[in-house]
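Visitor: Residue-level listing of the chains:
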Amino acid sequence: MQPFTTLTAVAAPLLRANVDTDAIIPSREMKTVGKTGLADGLFAGWRYTAIGGREPNPQFVLNQGAFAGARILLSGDNFGCGSSREHAVWALHEYGFRAVVAPSYSPIFYGNCIRNGIVPVRLAADSIASIASWVQLDPRQHLVTVDLMQCRVQAGSAFDFKFDIEPEPRLMLLEGLDGIDLTLKSRPLIEAFLERDRRGRPWIYLDAKP
Amino acid sequence: MRKTLFEKLWELHLVRDLGGGIGLLAIDRIFLHERTGSVALKSLAASGRTVLDPHRVFCTMDHIVDTLPGRGDDTRMPGGKAFITETRAAALQAGIRLFDVRDPQQGIVHVVSPELGIVLPGATVVCPDSHTCTQGAMGALAWGIGSTEAEHALATGTLRVNRPKTMRVSFEGRLAPGVTAKDLSLLLLSTHGAVGGNGYAVEYAGAAVRALEIEARLTLCNMATEFSAMTGMIAADQRTFEYLEGREYAPHGAAWDAALAQWQSLHSDSGATFDREIQFDVTTLPPMVTWGTSPQHAVPVTGRVPDQASSGATPEAYERALQYMDVTPGTAMQDLSIGAAFIGSCTNSRISDLRRAAAVLKGRRVAPHVRAIVVPGSMTVKRAAEAEGLHEVFLAAGFEWRESGCSMCFYAGGESFGARQRVVSSTNRNFESRQGPETRTHIASPETVAASAIAGRLADARSIAA
Ligand code: SF4
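Heads up: the protein sequence lines correspond to chains A and B, in order.
Residues in the first sequence are numbered from 1 upward in steps of one, following the numbering used here.
Residues in the second sequence are numbered from 1001 upward in steps of one, following the numbering used here.
Bound conformation, chain A alone:
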């Protein structure tokens, strides 16, 4: 996983509440048993004029020239709610997004971001709204900075917001760490736990079952 420290980029506002994972990547767009080939299907239901089609809907923010190459997404409450599909995060990543800024996230989506190098920034809705209005004045010049070292979102000279992120997710993103590798450092403790637990709760362990 690519480490993330700080990013200054075009930010695309999609200020809707409850953007669910099926809106981010419709199930019909998940065509293979894999993590790639998903960018084209990102926001397909809103991005294209027809279901399954590929003709861009000019109304949709990502189809507007000024937002080409956006790497930061500004959105509303409960972002990534719905289905647990990690494909939503894979699609955002493949498209080029490295940070989402929203007031709240579904917990599963939040965890999926951490594990794929996308920073899920939590900011108050009114802060996001003010950044979005400023961005919209001139999206290509009014770039937004997400700084994970300082835990700040900056937009021009007017906006500088501090955000909260838990220590471990922050570290995993900053260093691009793989969770399995981290956990395997605790292997002796896991083995000791299992041995103890097998005596305490033998019914949990099914290998003795015929």
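Hint data in this document are derived by calculation from the structure and do not stem from the laboratory.
Misleading hints may appear alongside valid ones.
Stated by the list, open to error - Among chain A residues calculated to face chain B with C-beta under 8 angstroms, some are: (1) T49; (2) I51; (3) G82.
Where is the CB? At the ideal position from N, CA and C, for every residue including glycine.
On the provided structure of chain A, position chain B with the ligand as indicated by the hints.
Guide: Okay, now just chain B with the ligand, sitting in the frame of chain A:
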């Protein structure tokens, strides 16, 4: 120290405190399905790692598999067959129990797991599926994860978990006849919003919850994810133990006695404190139904489409929902004409759900313009229903009677109800296009769905019950 159920389950599984509110938790059961689990298995194999304990990992074909009679590996979803064949290959290679397409125990993960005693009180259960919280109804700590986390759990038998805060939602009083666990979920969502549970593990308690049968408890916990909670749970009690005893994967004999002794201590101690408490008196609660595109957009079936001020939605979200659903403020819910009715999903597809819907339908016919479908949650449920003759009631009423699976709970790319079609559905999500491009979904209990199918519009089952 007085502890909550959640705290007891956390401590029971804590392998290591990783600091900063993160715990390394032992995972007792992992369930996978062909939609998101196959990626985890394949990615694990590609990284050269193996499943730590295959005996505690299960996999089912439920999401993409067809539910039409005579089904095989072919699905209506373009490219769907690959998910099935690749999942099968990966599951075989990993040596895990697979509930394959033709397995007599195949079904929706959250229906199969309790009915076979795979989820147990006090167990940690994860699945790359957001509705895994359903299984918390057995007194377990069960939650949905992503595919990468599933891979982590498969490889290490653990997960790094951000410890949530605790919330108790107490439903006091007694539910009136015809009012169900589904209505409790919709009540909670409509009053506290679809983000109300964010950051919490929720325990459901109170007299109305203790009075619920196990299957209804599963329905209640099912929609904890719609509340944005990490999970929902209900302390196991005598009903739970009676339900589990003798089930295939539940302990037997001396192991059962030992398990039972431990399970009986797994409840919140009296006087334990929660970070947040919410209480309802549900004695006068009517059946609920959604009017909009978030599960929090719910009102009594006897009510009307709310105005923005009382809707709990922001002005933009409210307008968008009205437009998408093609409803106007002040319209009586029962004046909304429907084109389709769906009974199924991990929320409401168990035998008791089918019995209650059939009781409404018996001797009646669905309105001529309504396409009605019932999909049992598992093949076990299907056989039980057929043994009771429920399928005949559904068929005589004009419902399609399907094989088990998720079916049209969500749109996989194959079957849908059609654009702008108004559907009343016993499922859990009414998001835009959830049941098909531009399909309009109203969520309700199975009895409300059945009554509405007959009326051809949203209807209150209590007004037509025999
Ligand atoms: S029935 Fe619906 S909500 Fe439940 S697991 Fe299947 S697709 Fe998900």
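Visitor: Evaluate each hint against the coordinates.
Guide: Status of the hints after comparison with the structure:
1. T49: violated, 12 angstroms
2. I51: holds, 4 angstroms
3. G82: holds, 6 angstroms
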